[in-house]
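Novice: Given only the sequences and the hints, what does the whole structure look like? Please build it.
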Amino acid sequence: MPPHPETWLRVTEAGLWCEPGGFFVDPLRAVDRAVITHAHSDHARPGHRHVLATAETLALMRERLGEERAGGTQQALRYGEALEVNGVRLWLRPAGHVLGSAQVCLEWRGARVVVSGDYKRRPDPTCPPFEPERCDVFVTEATFALPVFRHPPAEQEIARLLRSVALFPERSHVIGCYALGKAQRLIALLRAAGWDRPIPLHGALARLCALYERLGVPLGPLPPATVAGKEKLAGAIVLAPPSAIADRWARRLAEPLPCLASGWMRVRQRAKQGGVELPLVISDHADWPELLATCEEVQAPEVWITHGREEALIHALGRRGVRGRALHLIGRAEEGE
Amino acid sequence: MPVAAGMSLPAFAELLERLLFTPGRAGKLALLRGWFDSQPDPERGIGLAALSGELRLRTAKPALLREMAAARTDPTLFALSYDYVGDLAETIALLWPEPEGLTGPPPALSQVVGALEAASRADIPGLIAGWLDALDAGGRLALIKLVTGGLRVGASGRLARLALAEWAGVEVGAVEEVWHGVAPPYEPLFLWLEGRGPRPDPAGAPVFRPLMLAHPLEEREAAALDPAEWCAEWKWDGIRVQITGGPGGARLWSRAGEDISAAFPEIVAAARFHAVLDGELVVLRGAEVAPFSDLQQRLNRKSVTARLQRDFPVAVRLYDMLFDGAEDLRGLPFAARRARLEAWFARSRPARMDLSPLIPFESMQELARLRAQARAAAIEGLMLKRRDSPYLAGRVKGLWWKWKRDPLTLDCVLMYAQRGHGKRSSFYSDYTFGVWKEGELVPVGKAYSGYTDEELAWLDRWIREHTVARFGPVREVEKTLVLEVAFDAAQRSRRHKSGFALRFPRIARIRRDKPAAEADGVEAVAALAAESGAAPR
Ligand SMILES: [Zn+2]
Ligand SMILES: [Zn+2]
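Residue numbers (the numbering used here), protein chains in the order written: chain A, 1 to 337; chain B, 338 to 874.
Treat the hints with care, as some may be off.
As the list claims (entries may be wrong) - Have a look at the derived ranges for each label pair, beta carbon to beta carbon:
| no. | chain 1 | residue 1 | chain 2 | residue 2 | range |
| --- | --- | --- | --- | --- | --- |
| 1 | A | Gly274 | B | Ala363 | 17 to 23 Å |
| 2 | A | Gln273 | B | Ala408 | 30 to 36 Å |
| 3 | B | Glu792 | A | Gly274 | 24 to 30 Å |
Derived from the structure by calculation, the hints contain no laboratory data.
No residue lacks a Cβ here, since even glycine has one placed at the ideal position from N, Cα and C.
Specialist: This is how it looks when you write it as structure tokens:
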């Protein structure tokens, strides 16, 4: 009998600890050896002595955290390439969440665990798609684990945005979005929908967009929103962090029409907070059907849930004969996504 | 952006959602114009009826929808979802399982309305389920709201008609005049507005006629007026209304053209005549007009209890006469209309109505004196009407003036600030201020106007730099900034801790020069309230 993953992959105060391998996955505080699924700040913390991740994630970490704090030594691993760490086999599979995002696959003495990090199953022009890997334990998040969360096709939401731009040609549509991943995906979606005008950016988004371009994701012209005059911004689609869209920064825009791109926008009460006038349901996380379909595809008899709405997911998995277990990992953002 | 006819329900759902999330009036109007522009008949008219509250649908109970959803979902997941979303209709719309494979195209509004009309009670669940299967979440929510009669979108009928007028490039008055002669889906109305058909005939139906409004008058402009050319009357502090009586029945209309008959049945019952009258709705105790706060007890109600009718007896103080029988008097000079009104009133003596008296005066100085002496809460100031002015819709300059009495002022201390809406959403623009009471500040009112753009920017910056606590969107500030607050009257009130409420408070000045300790106390408010309560003249 292969050893049950419970016996060798444990929840500690610092996060998920692979005992025989001697490393953590997405640790919550600085550790000796960390394997990082993706560069979002609730997964990629500063100050680890050694960091293993995809080359893209490492580059994004250096940009966000600075060379000093992005890991004493950094080791890049390609998707699908396997590594032995103290007898634990380790490889990465694309998670389809943001550029560089990976599922961490671990095998020890014949038992296999997949730690998926954050993931989605929708196509995303800025990163490779999620690849399911069969396993004995699947570790998943449950941010949108309620049947009310079914993200509409992102293209449909972009079409709604463009209809609004046509209806209010004198206003700037300013979309609040997460700086890493969401911003670049929105830009790529807009480009795919034929929007080839410059997309002015808030300063907080510029560096990561430039890095995406250097990593081979073309985004088109992205001038800083700070220098253009008000008249130039009439009819523009502008991207900014969510905190900026209804605050002082937005005053430089032409009659800003605040939009927010997030999976939470599916629920009106959430959307009504913060003065959003055009909620766009665009998420980089799996929705309810994607969560269930993924758990089924990987065929794991057991699913561990890091954070989110575990109650509903455990209930639904139970009815499918799968054992669900809540890890209650603290420190994961309820996705300011 | 033309939208296919069969798509009208999803398009309507999108319109509803945008209206709900758009705070500004200009934005709402643009959305509505877009609807009239993009939709064919009869879809655009059905949408208009739904928004104006004139769509009469056979409705389903929310419980039926809940049953239908429950039969299709796991009870635990339903409960968890409802708990999270908080609203039943929205939960059902979001949760409704989307069938795999092909479903029909989403229904048009006209299909929904037509099918519900023709269906037997037993068919209704099946019909609704079929539509829900073919719609996305937004469409499902719109459908549920439509069939349960729960459509509330913050776009009034008046706003929809204004958008319709803007879209067609006509005065809103022209639309109002024919509005009650047409019925959903208003095809003759659209034909006429597009220049493809005759003007619909309102016939004997009660019709709201747009009101004539006045411009504010400044002291120095008043001095230049020739007293011989003008009539003066008191500006009563109630709400402006229009009464229409005729063969088609009687109605009471608000100044914006909303039918408010149901809230004031005693007025409608008294309107057993054939005429259109303009006046002020007030609470009248004997001959005395009660303060506005009394009238407020009767406003914004769908219906009214006998007790409210007894405790807050309403009446209309008549200003003007637009129609006498079928005769349109609006082209006559004011003086002639006034004579017709007086003669008609003497003849018909309607209950619950009296005439707003004309004020005799020899000179503008005398009038200014009368205005300065008027301190009754029920009087807002004076109205000046040119003797030769016809009755014209809207605010026509130079014919009617409102000469409000000088506002009262208090020096108050800023206590809390909240962000505004729409264009002001990035500014702290709503202020709660207080006065001293036994060494403590107590709130006395809220204001969100009166300041200039520069003052607003200055206040916004000051508030951000002097915040001591936050509660959601509200900031509590250091109690050091004095604001001079202007208002029309002070009344006793239990709503505020100070025991007083101010009428129409606005920020008159920022008193950076004044230390907070020297701001007014509650005794000053009491004195002004006593003064506002004094009898007229
Ligand atoms: Zn993430
Ligand atoms: Zn995360």
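Novice: Against this structure, judge whether each hint is valid.
Specialist: Going down the list of hints, with the structure as the test:
1. Taking the beta carbon of each, Gly274 (chain A) and Ala363 (chain B) are about 21 Å apart, inside 17 to 23 Å as hinted.
2. A hinted range of 30 to 36 Å holds for the C-beta pair Gln273 (chain A) and Ala408 (chain B), which are about 33 Å apart.
3. Between Glu792 (chain B) and Gly274 (chain A) the beta carbon distance is about 26 Å. The supplied range of 24 to 30 Å therefore holds.
Violated hints are absent here; each numbered hint is respected by the structure.
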